[in-house]
Amino acid sequence: MSFTAHPGLPEFDYIKPQSLTEASQFLAAHAGEARPLMGGTDIFVRMRDGLWKDKYLVDVKGLPGMGEIHFDPSMGLTLGAAVNMNRVIHSPEIQENYPLLAEAARTCASYQLRTRATLVGNLCNASPAGDTIGACLLLDGMLSIHSLDGQRQEPLRSFFLGPGRSKLQPGDIITAIQFPLLPEGLQGHYIKHGRNKLSDLAIVGVTATGCPDDGLPSGFRIQLALASVAPIPLVIDQVEAFLSENTINKETISEAALIAMQACNPIDDVRGSARYRKLMVRNLSKKALTVVWEKLGS
Amino acid sequence: MAFHKISATINGELEEIMVPSNMTLLQMLRESLALTGTKNGCAAGECGACTVLLNGEPVNSCMVLAVECEGAEIITVEGLLQDEQLDPVQEAIIQSGGVQCGFCTPGVLISSRALLNRNPNPSEEEIREALVGNLCRCTGYTRIIDGVQKAARINAVVQAR
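Chain order of the listed sequences is A and B.
Take the first sequence: its position 64, counting from 1, is numbered 201 in this note's numbering, and each next residue is one higher.
Take the second sequence: its position 134, counting from 1, is numbered 1494 in this note's numbering, and each next residue is one higher.
Any given hint could be a false lead.
[What the hints assert, rightly or not] Heads up, incomplete: computed chain B residues facing chain A, CB under 10 Å, no partners named: (1) Thr1384; (2) Ala1403; (3) Glu1428; (4) Glu1438; (5) Gln1450; (6) Asn1477; (7) Pro1480; (8) Pro1482; (9) Ser1483; (10) Glu1484; (11) Ile1514; (12) Val1517; (13) Val1518.
[To be verified] A partial selection of chain A residues facing chain B, derived with a Cβ cut-off under 7 Å: (14) Glu148; (15) Gln162; (16) Gln249; (17) Thr252; (18) Ile328.
Hints in this document: simulated from the structure, not taken from any laboratory.
It should be emphasised that the depicted structure is a prediction, and the values quoted were computed from it without experimental measurement.
Ideal Cβ positions, reconstructed from N, Cα and C, are used throughout, including at glycine.
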């Protein structure tokens, strides 16, 4: 009897370990043929397309602590790896203290997919197009990773190596992402430019944040992150440097947007040409920086 | 390939089913349980024709493994019927002409029911946002949205009684 109907998934074994140690050991012992399973929203598509041929999917989402959202007013936010996007959007603690995360998550896919998709799963796949990655980078996300040697911390800013490539090693399982308390008065904004208003993958994604900082000549620390315009999600340090040193106004924001355009390195693909993406980076960076600047009350 | 014995409550009935590792919830519903109201469209989480409620939340059943549903509560379009009565959202979408070829309808109904459960009085914008993952190539969406608004009004009247 065949259970596989079109378009079924290729054959694999579903493994549900009882502990993180067991999961890491299994994943390391089957390096290259086993993969941790969270929401599966990327895995199943890639397996159906024949791009991924794993023999084992290791379901880690039920392991202790993975489903937790915890805000500590003195430490910051801990988001368990199995927390889905809808929970990020609707969590009162996140809405109040990290609204940029909820804003970015809201632009991901559809409600149904967000019931399954997880913010951390999105990071694991290291897609340069992830909608929430810019926010996670600019809010200084720190990953907790369980490995064969125990638990370690990895800053998100140095986590991505290339499209689909990260610092994860066989046996590594991200258990949570932590965010420190945000600087006083921090404002943020995410602009997703897709083929339609909601749900599609970003052609260009622009995240901007800003907060007052008396130690800087301009009095503000402004940061910009870009998605879908380079092999990895980018934080454009030159924009931060430029807007730290120069008085912020309409002209310097335009100048900063031009710097962002020059710093990115997009490709032509089915969603847009490299040239179009560069122009959109300039326009949308200007828009996002202006929104943040206005939110800062200036 | 390994098989797993799972038990899940589907439309109020407890079912025990043997499922292979790679079987999706969609396949289990359609092929093991003959609940063919749930449709197989894109099998990539894009079209929403396979939407069902998993523990009260809508999911694309093509993107969930059957084995992950151990202990879960699942409602399909067949489960919207209560005591031979259509759900208000079914009634309203029929009345407003929100059904043409009907292929997207089961998914639309489930997403709309889920929306009204979490937000009994949604704005047009909120309805559009909730249905962004349910593609319809016939109606142009306007009549579906009218239907959901109508269902919200019916719900309000029923609750006021």
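Quick rundown of the hints versus the structure:
The criterion of a C-beta within 10 Å of any C-beta in chain A is met by Thr1384 of chain B, whose closest approach is roughly 7 Å, and the hint holds. For Ala1403 of chain B, the interface hint holds, since its Cβ comes within 10 Å of a Cβ in chain A; the closest pair sits about 4 Å apart. Look at Glu1428 of chain B: its Cβ gets to within about 7 Å of chain A, closer than 10 Å, so that hint holds up. Proximity of Glu1438 of chain B to chain A is violated relative to the hint, the smallest CB-CB distance being about 18 Å (cut-off 10 Å).
Annotation: interface hint on Gln1450 of chain B violated; nearest CB of chain A at approximately 19 Å, more than 10 Å. The criterion of a C-beta within 10 Å of any C-beta in chain A is not met by Asn1477 of chain B, whose closest approach is roughly 12 Å, and the hint is violated. Residue-level restraint check for Pro1480 of chain B is violated (minimum Cβ-Cβ distance to chain A is 16 Å; threshold 10 Å). Of the supplied interface hints, the one on Pro1482 of chain B is violated, with its beta-carbon coming no nearer than about 12 Å to a beta-carbon of chain A, more than 10 Å.
Interface hint at Ser1483 of chain B: violated, since its Cβ lies 15 Å from the closest Cβ of chain A, which is beyond the 10 Å cut-off. Against a cut-off of 10 Å between C-beta atoms, the interface hint on Glu1484 of chain B is violated, since the closest Cβ of chain A lies about 14 Å away. The interface hint given for Ile1514 of chain B is broken, as the beta carbon of that residue sits about 22 Å from the closest beta carbon of chain A, more than 10 Å. Residue-level restraint check for Val1517 of chain B is violated (minimum Cβ-Cβ distance to chain A is 26 Å; threshold 10 Å).
Below 10 Å, beta-carbon pairs count as interface contacts, and Val1518 of chain B has none with chain A, the closest being about 24 Å; its hint is therefore violated. For Glu148 of chain A, the interface hint holds, the least distance from its beta-carbon to any beta-carbon of chain B being 5 Å, beneath 7 Å. Below 7 Å, beta-carbon pairs count as interface contacts, and Gln162 of chain A has none with chain B, the closest being about 18 Å; its hint is therefore violated. The interface hint given for Gln249 of chain A holds, since its Cβ lies 5 Å from the closest Cβ of chain B, which is under the 7 Å cut-off.
With 7 Å as the threshold, the beta carbon of Thr252 of chain A comes within range of chain B, its nearest partner Cβ sitting at about 5 Å, so the hint holds. Hint status for Ile328 of chain A: violated, given a least beta-carbon distance of 17 Å to chain B, over 7 Å.
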